[in-house]
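Peer 1: Chain order of the listed sequences is H and Z.
Each residue of the first sequence is one higher than the one before, starting from 2 at the first, in our numbering.
Each residue of the second sequence is one higher than the one before, starting from -3 at the first, in our numbering.
Some hints could be false.
Listing some non-contacts, in silico: residues in chain Z with all C-beta distances to chain H over 12 angstroms [unchecked claim]:
id: 1; residue: Val22
id: 2; residue: Arg58
id: 3; residue: Asp61
id: 4; residue: Gly223
Reference excerpt, derived from the structure (chain H facing chain Z, CB under 10 angstroms, subset only) [claimed, not checked]:
id: 5; residue: Ala7
id: 6; residue: Thr49
id: 7; residue: Met88
These stretches of chain H come out as covered by chain Z in the derived footprint (C-beta under 8 angstroms, 3 or more residues) [claimed, not checked]:
id: 8; segment: 19 to 30
id: 9; segment: 57 to 70
id: 10; segment: 74 to 87
id: 11; segment: 463 to 474
These are computed hints drawn from the structure, not numbers from a lab.
All residues carry an ideal CB built from backbone N, CA and C; glycine is no exception.
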Amino acid sequence: MNRFAALLDRLAYEPGRTAKLRQMTDYFRNVPDPERGFALAALTGALTFAHAKPGLIRTLIAERTDPVLFEMSYDYVGDLSETVALMWPSSPSPGGGGSLAEGEWGGVKPQTPASPITPSRTASRSDLPPPGGGEESTPSLADVITTLQTLGKAELPSKLTHWLDGLDETGRWALLKLVTGGLRIGVSARLAKTAVAALGDKEPDEIEVLWPGLVPPYENLFAWIEGRAEKPASGDPARFHPPMLSHPIGADDFSTLEPKDFIAEWKWDGIRVQAAAGTCPDGRRVARLFSRTGEDISASFPDLIEVLRFDGAIDGELLIVRENRVQSFSVLQQRLNRKAVTAKLIAEFPAHFRAYDLLVEGDEDLRDKPLTERRARLAALIERLREPRIDLSREIPFADWDGLAHARANPAQVGAGPDAEAIEGVMLKRRDAPYLPGRPKGLWWKWKRDPFIVDAVLMYAQRGHGKRSSYYSDYTFGLWRKGEAGDELVPVGKAYFGFTDEELLKIDRFVRQNTVNRFGPVREVTHEADQGLVFEVAFEGLQRSTRHRSGIAMRFPRISRLRFDKPPGEADRLDTLMAMLDAAEQTPSSGGRVLDPAAARTGKRKGG
Amino acid sequence: MRPESLLVPTPAGLCCPDGGFHIDPVRRVDKALITHAHSDHAKPGHGAVLATRETLDLMRLRYGDGFAGTTQAVSYGETISIGGTTVSFHPAGHVLGSAQIRVERGGLVIVASGDYKDVPDPTCQDFELVPCDVFISEATFGLPVFRHGDIGAEIAKLMRSLALFPERTHLVGAYSLGKAQRLIALLRAAGWDRPIFLHGAMEEITHYYAARMDLGELRAVRDGAKGDFAGAVVLCPPSALGDRWTRRFPDPISCFASGWMRIRARARQHAVELPLVVSDHCDWDGLTRVIPATGASEIWLTHGAEEALVHWCGTKGLRAKPLHLVGYGDEEEVEVIEAATAAAAPDAPTDGSATDEPA
Ligand SMILES: [Zn+2]
Ligand SMILES: [Zn+2]
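Could you build all of it, start to finish, from the sequences and the hints given here?
Peer 2: This is the structure:
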């Protein structure tokens, strides 16, 4: 458990993806079964057990510490698990600490090596034995998890006490987070699986495919990855199949492509998912919904799971449809943001599955067949299903690229009707293409609608994290509005990407040379009508927001260009965005998102 | 006599009217007894200074030759009579030359401990327990959540990261006097035998230490070529982390060695990637071990978080009160604040404390 805790501790502070991967792979390489398997389960969120209540933790610590000291400490630290982990007496005798044995003077805690740390303890081993506590009194993660899954409520306090006595500060912290369900690891399930795959030069997708059929502690998985055993059989009838992804199309690509070789579909602005369902040998029905990376998101969408009455795997888009209207992404976002899936939430945000492709039907894997054949089978399957929550993504008729460009610019007029606001562009798919996992060249293309752009003024800059910690790389920018004493800038958004490394250096230099105020890690930068830095900011949409002083929130803002040439006085005004919003809200069911070209005229669509 | 008349808290610091001296005065005084060379305890400009040889040397390195009118070196244990009081200096285990100052008059003994720790430190003499009637203790880490733990495990954490990321510079923020040299000694003991690089601000002090103990090969950052820093340990003042100065290093990992790193929110606030819990002050366990062991019936507390210790002393039947001396702080915080003020000056050449380094 101390080793696992040390890993969590390192992951919590490590900002970089590759560094996180290396930490995890190193852990999986050096920690034996079944310990590492339970760690993988914890990292991927695959564990279920009843969580301990914070009240229990408070009771346990109250029995061991002075209440006044506890309150002062909790107040200072601000986190219950962390406070308790630090205050827990390190010797098993409650109320310990404080008394000093005669002759122990010169004063060392028992666990500290008396004189210089010996080299053998450190250099070669990548995982050290836990300090303090004998080996047998230190609980393993495997002990903890298997015990928690079977333990009665009444036994929990004494068990927890015993474990806490055997762990170090970090170990106690991780244990308390784990048992209270407050473990936030800062890595995705996908990243953890990627780290496992790296143990044996496997692809993470291979693990995703097997994943639904595997159970902790995954000894068969590790055995296969390390080349000690055959690949585990996947008997699961509702498996994930790594999805096929597209390339953004560039202006030069069109001349090399034949319109008649392709079908076009709307690119829906929902979340890409895969619905898989089937029947187990024992007759039990299984249905699952996977994210694009293979994460099982079934629990969040019980309303969809119950209508997946087919055998196979379908690639599609998850949308919210109210009264036959596809809602914008911001509406879907509201459902995704809620943790508890209640009947009210389901009624308010009805989930819908729009099908793009059929990968498997019954026992038949269709992925080698051409798209036209898969689509015909898909259409027939959906026809048979007669399920209003599942429909087929329609084709966009077009004769040439100009025709498709027209459709892309005017989805409302070209068949999408009022659903146009939930469209973020068009997809092009080769008619004869098989379904290939990953991002194969030349088969699928995405042609997104142009983003909105606005010229805004840099107001505040903050230092970044990790590699960017010595750079001012997070920017708050503003637009002009009428204030009491003439025009003033009001912050409208934050962006921390979209620029090149070279541009980052330029902005950083500008920030340092034009700082007018400091607030901790934040610098206020000169922003006068004739002095300051203008950014061209690209964004995908707008929403009203009471949380922002400007009254609006931008979706997906990023810096698209530096305008050192432009005086800040010539940057855009807040009114411009307000007009875009007003216009959008006059179109029904917009959900506040601006996509209507009529509205875009008042703002600017970035030119092709 | 009452202890409050032997040592009196004044705006200039702790004053002994009978001896006519102050201990660690924060304002200029005629006669100063100085516990150790950290800048919140050792100010320049006093008339006469009595301190250990090392403390005097370190003050000279920091402030230059004329840092005091006259100086007198005192050895640990040596007794000196000053105006009816008897004074002696005893190892505090905090940094090289650090001392607790024992003041006696008419059988009443007060020990002003300055800053101290009771765990071993290869770069300075071990803390000595000095029996007394009144013990003046720091309370920098005066909350039970501050438990510095096993320092070997912290060094092992750094060594493990060095092994896992052999291409990245490990940039370790550590206070320039004491902490940096202790880290070097611990790394050497753990088997790290590559050259250790030093930020310009800590070269002089470290070489002073190195003349007294084996710290292995030390090199100045400014003498290093770009390729030298891959997988190297580079020590710098905490304020230099996140500075433009760090850009010369390949993909640096920012490490910070401090007792404050025990608290996650604190570590995150500093954007630290590898927090190392290493402190030259007592943790809570240390404070609550030492205080009763001195035999003192009365405890005076300085440096910050006194409230919890006052309460704890109460539960042990010890009288305790905060001294509310102004001007003392945790040396790391002091360094960060000083660097920030320097950088805020309109034409500061660089962004932080890296004043003696080209940007
Ligand atoms: Zn000090
Ligand atoms: Zn101090």
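Peer 1: Hint by hint, note whether the structure agrees.
Peer 2: Verification of the hints:
1. Val22: 26 angstroms, holds
2. Arg58: 27 angstroms, holds
3. Asp61: 36 angstroms, holds
4. Gly223: Check passes; 19 angstroms lies beyond 12 angstroms.
5. Ala7: Holds: closest Cβ of chain Z sits about 8 angstroms from alanine 7 (chain H), inside 10 angstroms.
6. Thr49: At 27 angstroms from the nearest chain Z Cβ, threonine 49 (chain H) fails the 10 angstroms test, so the hint is violated.
7. Met88: This interface hint holds because 5 angstroms falls under the 10 angstroms limit.
8. 19 to 30: With 4 residues in contact (Cβ-Cβ under 8 angstroms with chain Z), the coverage given for the segment 19 to 30 of chain H holds.
9. 57 to 70: holds (count 4)
10. 74 to 87: Held - the segment 74 to 87 of chain H has 8 residues with a Cβ nearer than 8 angstroms to chain Z, which meets the minimum of three.
11. 463 to 474: It holds, with 6 qualifying residues against the three required.
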